[in-house]
Amino acid sequence: MTTPMDATMPMVEAHGVHKSYGAVEVLRGVDLTVARGEVTCLIGPSGSGKSTLLRCINHLEKHDAGELRVDGHLVGYEAREGKLYERNDKQICAERSRIGMVFQRFNLFQHLTVLDNVTIGQVKVRGVSNDAAAVRARELLARVGLVDKEKNYPSQLSGGQQQRVAIARALAMEPKLMLFDEPTSALDPELVGEVLDVMKDLAKSGMTMIVVTHEMGFAREVANSLYFLDQGVIEESGNPREVLVNPRSARLQSFLSKVL
Amino acid sequence: MMTNGDDAVEVVPVRHVGRYVAGFVVAVALAMLVHTLFSKVPTGQVSCHATAGARHCHPITNWRFGWNVVFHYFTSREILSGLLVTLELTAIAMAIGISLGLLIAIMRLSHNRLVSATAWVYTWFFRGTPVYVQLLFWFNIAALYQTVTFGLPFLNVTFAHINLVAFFTPFNTAVVGLGLNEAAYMSEIARSGLISVDEGQIEAATSLGMTRSQTLRLVILPQAMRVIIPPTGNEIISMLKTTSLAIAVSLVELLGAATNIYSANYEIMPLLIVASLWYLIVTTVLSTGQFYVERHYAKGALRTPPPTPIQRLRNDVRGIAAKFASGRSTARAS
Ligand SMILES: Nc1ncnc2c1ncn2[C@@H]1O[C@H](COP(=O)(O)OP(=O)(O)O)[C@@H](O)[C@H]1O
Ligand SMILES: [Mg+2]
Numbered sequence: 001m002t003t004p005m006d007a008t009m010p011m012v013e014a015h016g017v018h019k020s021y022g023a024v025e026v027l028r029g030v031d032l033t034v035a036r037g038e039v040t041c042l043i044g045p046s047g048s049g050k051s052t053l054l055r056c057i058n059h060l061e062k063h064d065a066g067e068l069r070v071d072g073h074l075v076g077y078e079a080r081e082g083k084l085y086e087r088n089d090k091q092i093c094a095e096r097s098r099i100g101m102v103f104q105r106f107n108l109f110q111h112l113t114v115l116d117n118v119t120i121g122q123v124k125v126r127g128v129s130n131d132a133a134a135v136r137a138r139e140l141l142a143r144v145g146l147v148d149k150e151k152n153y154p155s156q157l158s159g160g161q162q163q164r165v166a167i168a169r170a171l172a173m174e175p176k177l178m179l180f181d182e183p184t185s186a187l188d189p190e191l192v193g194e195v196l197d198v199m200k201d202l203a204k205s206g207m208t209m210i211v212v213t214h215e216m217g218f219a220r221e222v223a224n225s226l227y228f229l230d231q232g233v234i235e236e237s238g239n240p241r242e243v244l245v246n247p248r249s250a251r252l253q254s255f256l257s258k259v260l
Numbered sequence: 001m002m003t004n005g006d007d008a009v010e011v012v013p014v015r016h017v018g019r020y021v022a023g024f025v026v027a028v029a030l031a032m033l034v035h036t037l038f039s040k041v042p043t044g045q046v047s048c049h050a051t052a053g054a055r056h057c058h059p060i061t062n063w064r065f066g067w068n069v070v071f072h073y074f075t076s077r078e079i080l081s082g083l084l085v086t087l088e089l090t091a092i093a094m095a096i097g098i099s100l101g102l103l104i105a106i107m108r109l110s111h112n113r114l115v116s117a118t119a120w121v122y123t124w125f126f127r128g129t130p131v132y133v134q135l136l137f138w139f140n141i142a143a144l145y146q147t148v149t150f151g152l153p154f155l156n157v158t159f160a161h162i163n164l165v166a167f168f169t170p171f172n173t174a175v176v177g178l179g180l181n182e183a184a185y186m187s188e189i190a191r192s193g194l195i196s197v198d199e200g201q202i203e204a205a206t207s208l209g210m211t212r213s214q215t216l217r218l219v220i221l222p223q224a225m226r227v228i229i230p231p232t233g234n235e236i237i238s239m240l241k242t243t244s245l246a247i248a249v250s251l252v253e254l255l256g257a258a259t260n261i262y263s264a265n266y267e268i269m270p271l272l273i274v275a276s277l278w279y280l281i282v283t284t285v286l287s288t289g290q291f292y293v294e295r296h297y298a299k300g301a302l303r304t305p306p307p308t309p310i311q312r313l314r315n316d317v318r319g320i321a322a323k324f325a326s327g328r329s330t331a332r333a334s
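Residue numbers (my numbering), protein chains in the order written: chain A, 1 to 260; chain B, 1 to 334.
Be careful, since some hints might not be right.
[Said to hold, decoys possible] List of simulated lysine to aspartate or glutamate pairs, EDC-like, C-alpha gap at most 20 angstroms:
#, chain 1, residue 1, chain 2, residue 2
1, A, Lys204, A, Glu194
2, B, Lys299, A, Glu81
3, A, Lys176, A, Glu194
4, A, Lys149, A, Asp71
5, A, Lys200, A, Asp188
6, A, Lys124, A, Glu174
7, A, Lys149, A, Asp131
8, A, Lys62, B, Glu88
9, A, Lys149, A, Glu95
10, A, Lys204, A, Glu139
11, A, Lys124, B, Glu294
12, B, Lys299, A, Asp131
13, A, Lys62, A, Asp131
14, A, Lys62, B, Glu203
15, A, Lys90, A, Asp116
16, A, Lys176, A, Glu139
17, A, Lys200, A, Glu174
18, A, Lys90, B, Glu203
[Unchecked claim] Pair ranges (Cβ atoms, derived):
#, chain 1, residue 1, chain 2, residue 2, range
19, A, Ser185, B, Phe137, 34 to 42 angstroms
20, A, Gln231, B, Thr288, 28 to 36 angstroms
21, B, Phe137, A, Lys90, 39 to 47 angstroms
22, B, Pro307, A, Lys90, 42 to 50 angstroms
23, A, Ala23, B, Arg217, 33 to 41 angstroms
24, A, Val24, B, Leu114, 41 to 49 angstroms
25, B, Thr158, A, Glu78, 53 to 61 angstroms
26, B, Asp316, A, Val24, 26 to 34 angstroms
27, A, Ala23, B, Phe150, 45 to 53 angstroms
28, B, Leu114, A, Glu25, 39 to 47 angstroms
29, A, Lys90, B, Phe125, 57 to 65 angstroms
30, B, Leu155, A, Lys90, 54 to 62 angstroms
Hints listed in this document are in silico derivations from the structure and should not be mistaken for laboratory results.
As the structure is a prediction and not an experimental result, all values here were calculated from the model.
Where a beta carbon is used, it is the ideal one built from N, C-alpha and C, also for glycine.
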């Protein structure tokens, strides 16, 4: 096995990943490689399995077949002495805590203030002291442009502000990988920009990101690679500036004609 | 006054004749009620006394509802110690009901079918039989088992040994009977609260690396409270009154104390009033507490929290004053 310290080793590697819900096969052999420090955009029609793939990567769902590695480790298993040992709940939680996830519907904790939303994971999962967590939370809130909102409850914020808090909450866990599931799809058009700006900054800082999005402008401008997922398989992939300009497959062509 | 361009137009409010009639009818009915509540009846005896050589006689009357008796017994030692038993019983039975109910609700949501089925059967049984019967059941169980031993069946392992005859005092019987019954109702209330929390909250907590129990304690329960508290307040108030069934297990609580007194002096109505007044007083205190607890757990759910009763009263007074002020000015204008 390769050591996780190897800088050339990809952050995420999927080979033939399958996932079914009952009789419905949602992922039908997905291959994907995400290099460290790069931004990968994942596009595809609704129901093609984009969310499911992200959820498999941070083990919110268990994939049925195929090989899925994050940071060199098999997701959910440990290889020892030629055998695969299923990880216990505690190990899975620890793994997951280093993968940040941002949701379409923000999912901020409604009963906690903005500051508490950003400190709770640090304190309860990583064991950081309250004071240190608050210091880090304030840094992150400043970074996403929300210094004066720390005492507010999520319901008192606009969608764009909530999504920026959600990004700060994920970053507070010092993730090595950030997953974004349509982070701007629930936002009013005029609020999309403020969230994309935060994500661009994050990309510049060298964060490894997988972004499910319909924002083709963002994909073209920021992404290092682009994957088009259709009916549970990667139909086309490559440099976004080439793939989006000259789509080869008929499916991507028809998809792009609908979203552009 | 509303203005329409340059010409000021007077606005004449609609007169609600029906409301005045209804108000009048209710006012008369209330007056009749107060009149009869505080009426006096002749006792059949007369009292005579001589003033300036002449003998004057007049019949002796008593309060129809025996208010003097009510007043006499309201803070008597027996009633107060009965009240204390009622309060203790309510508190302990509810504590059992809430904690066991929560546990059963969590069991109901378990992925383990045996665990969730067990929880379902518990609720089915305790909701499906009258609480009065359950009280009598616990009262008589010591006749079936003098002692119980908790251990692994068929193995020589013992965890605890309880002498049931000594344990099932009237108070403990009432606590067990009411608490176990309440747990069945509380479990349904808790379950509706738990499933009311958006699934996205659970996903977010899980993706931060929280364990299932952390997610439950830190994210789901605090938000479920908003849904759980109002019906729990009702349950506490309902429990307060259900404790009067503890007469079945010969526990002397508030109603029992009143019964004991009137079976000696036959002042039935006044003593029922004494008990009722105490139930009303405690219910009022509990309802007020419920309001503030609800307000606490509504944090974050509403952009602006609802007003406290005092704030609401102040707003009402202000509203009425403003109405009077504007009413008077219209009256003057017309
Ligand atoms: N928990 C689930 N149970 C059953 N079917 C599911 C579940 N989650 C997703 N699916 C199905 O899987 C398919 C892919 O879903 P999803 O990954 O959310 O697609 P996308 O994010 O690309 O829109 C959909 O047809 C959806 O109905
Ligand atoms: Mg999706």
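Tested hints:
1. Lys204/A - Glu194/A: holds (16 angstroms)
2. Lys299/B - Glu81/A: violated (52 angstroms)
3. Lys176/A - Glu194/A: violated (23 angstroms)
4. Lys149/A - Asp71/A: violated (35 angstroms)
5. Lys200/A - Asp188/A: holds (19 angstroms)
6. Lys124/A - Glu174/A: holds (14 angstroms)
7. Lys149/A - Asp131/A: Holds: Lys149/A and Asp131/A sit about 18 angstroms apart, inside 20 angstroms.
8. Lys62/A - Glu88/B: It is violated: about 50 angstroms lies between the C-alpha atoms, which goes past 20 angstroms.
9. Lys149/A - Glu95/A: Between Lys149/A and Glu95/A the Cα gap is close to 30 angstroms, so the pair fails against 20 angstroms, i.e. violated.
10. Lys204/A - Glu139/A: Satisfied, since the Cα-Cα distance of roughly 18 angstroms is no more than 20 angstroms.
11. Lys124/A - Glu294/B: Status violated; Cα separation ~26 angstroms.
12. Lys299/B - Asp131/A: violated (23 angstroms)
13. Lys62/A - Asp131/A: violated (36 angstroms)
14. Lys62/A - Glu203/B: Given pair Lys62/A, Glu203/B holds - Cα atoms ~14 angstroms apart, limit 20 angstroms.
15. Lys90/A - Asp116/A: violated (23 angstroms)
16. Lys176/A - Glu139/A: It holds: about 18 angstroms lies between the C-alpha atoms, which stays within 20 angstroms.
17. Lys200/A - Glu174/A: holds (18 angstroms)
18. Lys90/A - Glu203/B: Measuring from Cα to Cα gives roughly 16 angstroms; hence the hint holds.
19. Ser185/A - Phe137/B: 34 to 42 angstroms: Check failed, 58 angstroms falls outside 34 to 42 angstroms.
20. Gln231/A - Thr288/B: 28 to 36 angstroms: violated (60 angstroms)
21. Phe137/B - Lys90/A: 39 to 47 angstroms: For Lys90/A against Phe137/B, whose Cβ atoms are near 44 angstroms apart, the range 39 to 47 angstroms holds.
22. Pro307/B - Lys90/A: 42 to 50 angstroms: Given range 42 to 50 angstroms: holds, Cβ gap about 46 angstroms.
23. Ala23/A - Arg217/B: 33 to 41 angstroms: This hint holds: roughly 36 angstroms between Cβ atoms.
24. Val24/A - Leu114/B: 41 to 49 angstroms: violated (29 angstroms)
25. Thr158/B - Glu78/A: 53 to 61 angstroms: Violated - the Cβ-Cβ distance for Thr158/B and Glu78/A, about 40 angstroms, lies outside 53 to 61 angstroms.
26. Asp316/B - Val24/A: 26 to 34 angstroms: Violated, since Asp316/B and Val24/A (Cβ atoms, about 58 angstroms apart) do not stay within the stated range.
27. Ala23/A - Phe150/B: 45 to 53 angstroms: The hint (45 to 53 angstroms, Cβ to Cβ) holds, given that Ala23/A and Phe150/B are roughly 46 angstroms apart.
28. Leu114/B - Glu25/A: 39 to 47 angstroms: violated (31 angstroms)
29. Lys90/A - Phe125/B: 57 to 65 angstroms: About 37 angstroms separates the Cβ atoms of Lys90/A and Phe125/B, which means 57 to 65 angstroms is violated.
30. Leu155/B - Lys90/A: 54 to 62 angstroms: violated (31 angstroms)
The earlier numbered hints that this structure contradicts are 2, 3, 4, 8, 9, 11, 12, 13, 15, 19, 20, 24, 25, 26, 28, 29, 30.
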